[in-house]
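*Asks:* Sequence:
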Amino acid sequence: MTAVDLAYDDVGEGPVVVLLHGHPFNRSMWAPQLDALREHFRVIAPDLRGYGDSPVTAGTVTMAQLAADVAHLLDTQQIGTAAIAGLSMGGLVVMELATAQPQRWWALGFVATTAQPVTAAEKADRLAKARTAEEQGMRPLAGEMAARLFGPAPGEALTSQIMAMMLATNPKGAAAALRGRAERPDYRPLLAALDTPSFVCVGDHDTFSTAAVTEELTGCLRDPQLVVLEGVGHLPNLERPGDFNQHLLGFLDSTRHTGA
1 MTAVDLAYDD VGEGPVVVLL HGHPFNRSMW APQLDALREH FRVIAPDLRG YGDSPVTAGT
61 VTMAQLAADV AHLLDTQQIG TAAIAGLSMG GLVVMELATA QPQRWWALGF VATTAQPVTA
121 AEKADRLAKA RTAEEQGMRP LAGEMAARLF GPAPGEALTS QIMAMMLATN PKGAAAALRG
181 RAERPDYRPL LAALDTPSFV CVGDHDTFST AAVTEELTGC LRDPQLVVLE GVGHLPNLER
241 PGDFNQHLLG FLDSTRHTGA
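In the working numbering, the protein residues as written are 1 to 260.
Keep in mind the hints are simulated off the structure, nothing from the lab. One or more of the hints may lead you astray.
[Stated by the list, open to error] Simulated DEER-style distance windows between Cβ atoms: (1) Glu156 with Arg104: 29 to 35 Å; (2) Glu122 with Ile79: 29 to 35 Å; (3) Glu13 with Asp53: 22 to 28 Å; (4) Glu156 with Met1: 15 to 21 Å; (5) Ala157 with Asp243: 17 to 23 Å; (6) Ala147 with Ala71: 32 to 38 Å; (7) Leu226 with Ala153: 21 to 27 Å.
As the structure is a computational prediction, the values presented were derived from the model and not from experiment. All residues carry an ideal CB built from backbone N, CA and C; glycine is no exception.
Model the full assembly from the supplied sequences, consistent with the hints where possible.
*Replies:* This is how it looks when you write it as C-alpha cells:
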C-alpha cells in the first residue's frame with residue numbers, strides 16, 4: 001500500500017518531536033503538548049490515515065501502514081532523526097517505527113498503550129467494532145469508549161471535547177484501523193532489542209492500559225522512565241496536561257543531550 005500525505009501541525013524549532021494520537025481521535029488531542037513543547041522543540045503532530053483531515057482508506061489499514069505514512073511525512077520534511085511518542089493506538093505505531101528504523105529515533109514515548117499480542121477475543125471484538133462503525137457510524141463506539149476513558153472526576157469541557165472528536169471521526173477510517181490492530185504482531189521481542197531511551201506514562205484509573213499491561217510493556221524496555229498519574233484514565237495528556245507536560249519535557253530534555 002502506497003504511503004499517503006498526512007495532515008499535520010508543525011510548530012516550534014529545535015530537535016524534532018513527533019506526537020501520534022490514539023483511536024478514534026485526531027491530532028487536536030495534542031494541543032496542550034504543542035503549546036508546552038514548542039518553546040523547546042519542533043513538534044509535529046499528524047492525523048493518522050483515516051483520522052482527522054488525513055485521507056481515508058477503506059478496508060484494512062495495518063499499524064505498519066500507519067507507520068509508513070509517518071515515515072513518509074518525515075522524509076518529505078527532510079527530517080532524519082526525531083523523538084516520537086504515541087498514545088494508545090499511536091503507541092503501537094511508535095512500536096512499528098522504532099523497530100523498523102531503530103537508529104532514526106533519539107527517544108520513544110509510550111502513553112497509555114500496550115505491547116501485549118492480540119488475543120482471539122480481542123481480534124473478534126475489534127472486527128465486530130469495525131462492522132459496527134461501518135454499519136451504524138461512530139456513536140455506538142464513542143459511547144462505549146467514553147464510559148471508560150476518564151478518571152473519576154473529568155471536567156465536562158474535556159468529556160464534551162473528546163466525544164465531539166470521536167463522533168467526527170470517519171467510520172471507514174476507524175474501521176480500517178480497527179481491523180489493522182486485530183492483525184498486529186507481537187512487539188515484545190522487537191522492543192526488547194532496542195536501546196533507545198523510553199518514557200512510559202499511564203493513569204492509575206486506566207481500564208485499558210492497566211497496571212499489568214503497563215508492567216509487561218516496561219518489562220520489554222531497557223530502563224524506561226515510568227510515570228503513573230493519579231486519578232487519571234486513558235488520556236493522561238488531557239486530564240492532567242500540566243503534570244504530563246512537565247514529565248515529558250523533563251524526559252526529552254534529559255535525553256536530547258545524550259541521544260540527539
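*Asks:* A separate judgement is required for each hint: does it hold in the structure or not?
*Replies:* Hint check results:
no. : hint                           : in the structure
1   : Glu156 with Arg104: 29 to 35 Å : violated, 41 Å
2   : Glu122 with Ile79: 29 to 35 Å  : holds, 34 Å
3   : Glu13 with Asp53: 22 to 28 Å   : holds, 24 Å
4   : Glu156 with Met1: 15 to 21 Å   : violated, 40 Å
5   : Ala157 with Asp243: 17 to 23 Å : holds, 18 Å
6   : Ala147 with Ala71: 32 to 38 Å  : holds, 35 Å
7   : Leu226 with Ala153: 21 to 27 Å : holds, 23 Å
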